[in-house]
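Engineer: Letter by letter, the chains look like this.
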Amino acid sequence: MSGPTYNFAYLDEQTKRMIRRAILKAIAIPGYQVPFASREMPMPYGWGTGGVQVTAAIIGADDVLKVIDQGSDDTTNAVSIRKFFAKTAGIRTTTRTADATIIQTRHRIPEAPLGPDQVLVYQVPIPEPLRFLEPRETETRKMHALADYGLMHVKLYEDIARHGHIATTYAYPVKVDDRYVVDPSPTPKFDNPKMNRSEALQLFGAGREKRIYAIPPHTTVTSLDFEDHPFERYRYDAPCALCGSSEGYLDEVITDDRGGRMFVCSDTDFCESQRTAGNKGTMLAEAPEARR
Amino acid sequence: MTTLNCERPLLAAEGLSKMYGRIIGCRDVSFELYEGEVLAVVGESGSGKSTLLQLLSAQLEPSAGRVVYTMRDGVARDLAKLGEAEQRFLFRTDWGYVHQDPTLGLRMAVSAGANVGERLMAVGWRHYGRIRGAATEWLDRVEIDRDRIDDVPRTYSGGMRQRLQIARNLVTRPRLVFMDEPTGGLDVSVQARLLDLLRGLVFDLGLAVVIVTHDLAVARLLSHRIIVMKGGEVIETGLTDQVLDDPREAYTQLLVSSVLPA
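For the record, the sequence lines run as chains A and B. Here this note's numbering is used: position 279 in the first sequence is 280, and no number is missing along the way. Here this note's numbering is used: position 3 in the second sequence is 1412, and no number is missing along the way.
What the hints contain is simulated information worked out from the structure, not anything from laboratory work. All C-beta atoms in this analysis are idealised placements derived from N, C-alpha and C, irrespective of residue type, glycine included. There could be a bad hint or two in this list.
Said to hold, decoys possible - Partner residues are not named here, just some residues of chain A that face chain B (Cβ under 8 Å, in silico): (1) TYR46; (2) THR50; (3) ASP149; (4) HIS154; (5) VAL155; (6) TYR158.
If we strip away everything but chain B, and leave its shape as in the complex, we get (with noise of 0.2 Å):
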């Protein structure tokens, strides 16, 4: 494990609020994330979670508050003030974005191959034998057969499909990742494999990470800390098995109740 960065916080919002008209998309919320640290957003569809991770990832602008994240160079920035090609430099070398629906984070028409290794060409590799060495070794490192290389996504399963998502993401080895609903439409079999492949990148790399989902279980795995969110507001947080354990606010104790058991 790399030797993490305690001091400063690698992302923090500060009274981050979205209207998008009379209508809140989530207000005042404060956190920080520490370098290595998971941080899983939960909370019911249209509490705000998306727009949340739209807001930290600078897709979205805010109505009030700010978005400070520690460059490599150690000089904390708002993003908001970072120009487009400084943000998108970001996007691909140090933040990753994983969607819920692989054909959106993936090119369908172009290879495996080419997928992983768009952001290395994009950051200036010309070299294609390199390239593909690092496509293949990514490849291995989320378990896709290294034969299937040069196939385009469209002939993937939905689980391959979200592993190489996945790899094309972290093969700039980025600090930040940005997940909404990774493990959403899998079987659970599926799942569960993704999760323990997830939770092995995460810790062997130091990845931080804001994961936004609907399913405890996936937070009660993979997280460390967790925001509860509803109606757009933070109502409670704290260390994951504390608060799954132990829900303090009347809407945490619901949802942690309405787990079916299996």
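Isolated chain A (complex conformation) (with noise of 0.2 Å):
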């Protein structure tokens, strides 16, 4: 090996305790968003920067990883970033939800409960809520800052006045322990009741915005709703092809150019725990066999 080396899970160490120095403070304002001096990283933008530089600045030598996207371990992005931090960390990587000690995230949260000796990081393409309502940053920091929040529910309102019912299925707006409004990231709003009272740290970096938030833990996370049409959770109705299990989030997975399709779950890793555990779905004997 004469590649170039690098400094311990690539960022110096001024900019991980300039990183660390926003995150306890995002840790005690919950739901704050904490303006940080984002580095460039050897990724582009949306490729998971924030999550990257979070994971780089509290990752240690023991410490095991998990990269999804999407819910699965095996995309692109995933399979970049667990690399990337074997080869600049050393660390461990591992695809078991139960095995890791950090699970860096881009748009899901785990099927499995997580523990309280789990951090979760996710990846942050627009960590403003407000963004689409109001494009002045100093107006909604000062929303922010009065917990001036009556423009969110003008889009919840828009939303049940052209859909009938509240249409927003991804990034839907929580109140973080009955303060600050804070965008969950891209996750499906299935996964917003995770959030609440997790056992586990969750962290959030968005790193073209140069904002870090967290939610710590047993913190009370609630979805923004009204009275007579309450939050509701969505997943498509039916069981996964794979593993046959009615619990976690499905992808539709278009198999043909003549209508075929079929839903899995999102969460590989769920999905070939049910498998290892024997339950089968409809289209197991076509699908490849799961490999650990």
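Reassemble the complex: the two chains are provided individually, in unrelated frames, and hints are given to aid placement.
Structural biologist: In structure tokens:
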């Protein structure tokens, strides 16, 4: 090996300290977006530069890292980030949710409940939940400071007026600790209840927008709604075609150009563990065998 | 009509001045406005009308003087000493602000119902049915067809936009409304209809209004009292009919006589 040598976990120590300070502040004020001096990372914006910096700042030599992208361990994004940390920090990686100490995620929360010794790191594209309603940053900051959140309900009102129900299905706004309104990154609203009183620490990193925020363990997280249109979880009503589970959030997979499709768990680790336990879906015979 | 508190002014300006560097915005303006009273501020362009309106509604900080407002609990407070949160709360509950250009006062990309409901949601209404009910009622009051409740204001005509802006402001039952040339930019027949509607609402709700206008007919139709401004100073004040029928100052005489007969 004569390749370049990196500092542990790629970032230099001063940068990691700066990010840790931001993380500590974020944990101290649940849901508050802390600005930080986001660095350029060796990957394009939108690929998880924020999440990678948070992970780099908190990871230690004995940590075990899992990275998921839309619930899947084997997409390009997830594989590259795992390899990135394996190379620059020499840490162990895993695809099993239960074995991981740090889980970096894009767009999903694992189905398996997380424990107190785990940290969930979200990759966040746009941290500001009010952004599409109020384009001025100065104004949105003031709205957060004064807890002036009527506008958020205007969006939900519009949904009901147009579609008859709250049609927001992802990035569904939540209120953290009864104070700050937070964008839970573009996770499906199916995952929102998992954020409430989670035993695991949840950290959010937005690289391009240069913001970090956090939800400490056991913090109340409520999804915004109306009294007569309460928050509802959404899941396509079908069992997974591979493992037969009716619990997990499903991806729709188009299988041919004649309308063929199948619904499978988006959380690949959850699906595999179901199959290892002997559960079978209707299309398992046709599917490639699960490999660990 | 509601019973009015006539013991203490709702809004009092005390020696208000605003300098933009060496340029005078307005100088030493004092007056009192009581509940249910409509005050017109007239004058030519650049006479300090809009500066005065912004000072009164706490959007500008005065260089000297102060504005005292009697809150709903009866306590008179200096506006400059209110916290930002209190100011905002006042702005969306007890006050209204009607802009000349309705695109400034409305959210053009969200439906009429949400535009009217926004203030209600901001003060904690969380029942969709009730918010929509209140919005429908207000669309009726400002003579907008209820079928248009889910349309965005972009699809509305100028007159409808202005009426929607008024509904949006009045939905929380404010006690004081600031209006900046509310009929400017509308054609004459629409102006007349809007004025008629405004007059009805103002008297039904017992609103106190500060209305800035350069149109003396608007002042004549709506206001009880009038302030004439020139070069940033108040040059004449009194009952509207008195000032307009028998102007004392030369400038006011000029203003009144320069209205074109129809």
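Engineer: Taking the hints in turn, state whether each one holds.
Structural biologist: These are the hints, each one checked on the structure:
no. : hint   : verdict
1   : TYR46  : violated, 27 Å
2   : THR50  : violated, 30 Å
3   : ASP149 : holds, 6 Å
4   : HIS154 : holds, 4 Å
5   : VAL155 : holds, 5 Å
6   : TYR158 : holds, 5 Å
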